[in-house]
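Undergrad: For chain U, the structure is supplied; the task is to place chain G on it using the hints.
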Amino acid sequence: GAVVSQHPSWVICKSGTSVKIECRSLDFQATTMFWYRQFPKQSLMLMATSNEGSKATYEQGVEKDKFLINHASLTLSTLTVTSAHPEDSSFYICSARGMGREKLFFGSGTQLSVL
Amino acid sequence: QKEVEQNSGPLSVPEGAIASLNCTYSDRVSQSFFWYRQYSGKSPELIMSIYSNGDKEDGRFTAQLNKASQYVSLLIRDSQPSDSATYLCAVSKPAGFGNEKLTFGTGTRLTIIP
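Chains as they are written, first to last, in this note's numbering: chain U, 1 to 115; chain G, 1001 to 1114.
Careful, some of the hints might be misleading.
Cβ-Cβ distance ranges computed for the label pairs, FRET-style [to be verified]:
no. : chain 1 : residue 1 : chain 2 : residue 2 : range
1   : U       : T57       : G       : I1113     : 41 to 51 Å
2   : U       : G53       : G       : A1017     : 45 to 55 Å
3   : G       : D1078     : U       : S15       : 41 to 51 Å
4   : U       : S83       : G       : I1113     : 41 to 51 Å
5   : G       : D1078     : U       : E63       : 28 to 38 Å
6   : G       : T1111     : U       : E63       : 36 to 46 Å
7   : G       : S1032     : U       : S15       : 35 to 45 Å
8   : U       : G53       : G       : P1014     : 46 to 56 Å
9   : G       : E1045     : U       : T57       : 19 to 29 Å
10  : U       : L68       : G       : P1081     : 36 to 46 Å
11  : G       : T1111     : U       : M45       : 18 to 28 Å
The hints are simulated quantities; they were obtained by calculation from the structure and are not laboratory data.
Don't be surprised by glycine CBs; every beta carbon is placed ideally from N, CA and C.
Excised from the complex, chain U in its bound form (with noise of 0.2 Å):
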C-alpha cells in the first residue's frame, strides 16, 4: 500500500514556540491532503484540507492563523503550530490522498507535548 510518511513522531516544547510538522507521501502524489487532531481518549477531529498549491480549507473552530498549514508540492504538506500552547498539547496526524484514488492513507502522527 501507498506509505505516507510524518516526522517528528514526537516533539516537546516550550509554550510560545513553534512546532513544525512534515507529512510526506513517499509513493504516489498527494493532491489532497489533511490533517487531524486527536485528545485522549477522543476521535479524529479534523483541522483542515489542502489541495497542492491552494490555500487549505479549516475546519470551523480551527484557527487558521494558529495553525499554518502549506501544501506546496504533491508530496509534502506542513503544519506548523504557532506560540504552542499547553492547551495544542495533542496527538496530530496527517493524512493523503492521490488523484482518482478512494482511500486514505494516514501517517503515522505526532504527539505534541506543550510544556
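TA: Structure of chain G alone, referenced to chain U:
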C-alpha cells in the same frame, strides 16, 4: 446529534468468539463507510471499506451496511488478542471531487480476553 455515533465500550470478547461493533450515522447523503483500527499511540489503519447495502467480507472481517437504517457494523470472527484495539467508524459525504471529508466516530475500545 453526532454525525457518527459509536458505543465507546469497552467491549470484552473471549478469544475465538465473534466481536460485533456498531455505528450509526446521521446524514443520509453519506456515501462511503470505513472501519479503522487504532492501537494506542498509533495512527488509524484501514480495516474495511463499504459503499453499498449488504455484507462485505475480507478474511475474518465482515462489514455490514444498511443505508435505510443508517447503520454500519463490523464483525470480527475468531477474535484474537491482537484484535484488541479501538475501532473507529468513519463516514464520508461528497464535497467536491477529491475533497471528500471523513468524519470519525469516537471509537469502540475492544478487548479480546485470552
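Undergrad: Decide, hint by hint, whether the structure agrees.
TA: Now for the hints, and whether the structure bears them out:
1. As the Cβ distance of T57 of chain U to I1113 of chain G is approximately 44 Å, the hint placing it in 41 to 51 Å holds.
2. Range check, G53 of chain U to A1017 of chain G: Cβ separation about 50 Å, and the 45 to 55 Å hint holds.
3. Take D1078 of chain G and S15 of chain U: their Cβ atoms lie about 49 Å apart, and the range 41 to 51 Å holds.
4. Roughly 46 Å separates the CB atoms of S83 of chain U and I1113 of chain G, a value that falls within the hinted 41 to 51 Å.
5. At roughly 47 Å, the beta carbons of D1078 of chain G and E63 of chain U sit outside the given window of 28 to 38 Å.
6. The given range of 36 to 46 Å is respected by T1111 of chain G and E63 of chain U, whose C-beta atoms sit roughly 37 Å from each other.
7. Separation of S1032 of chain G from S15 of chain U is about 40 Å and conforms to the stated range, judged on CB atoms against 35 to 45 Å.
8. Remark: the range hint 46 to 56 Å for G53 of chain U to P1014 of chain G is upheld by a beta-carbon distance near 52 Å.
9. Checked against the hint of 19 to 29 Å, the pair E1045 of chain G and T57 of chain U passes, with Cβ atoms roughly 26 Å apart.
10. Look at L68 of chain U against P1081 of chain G: about 42 Å separates their beta carbons, and that is inside 36 to 46 Å.
11. Distance hint check for T1111 of chain G and M45 of chain U: the Cβ-Cβ separation is about 25 Å, which falls inside the suggested range of 18 to 28 Å.
In summary, the structure is inconsistent with hint 5 from the numbered list given earlier, while agreeing with all the others.
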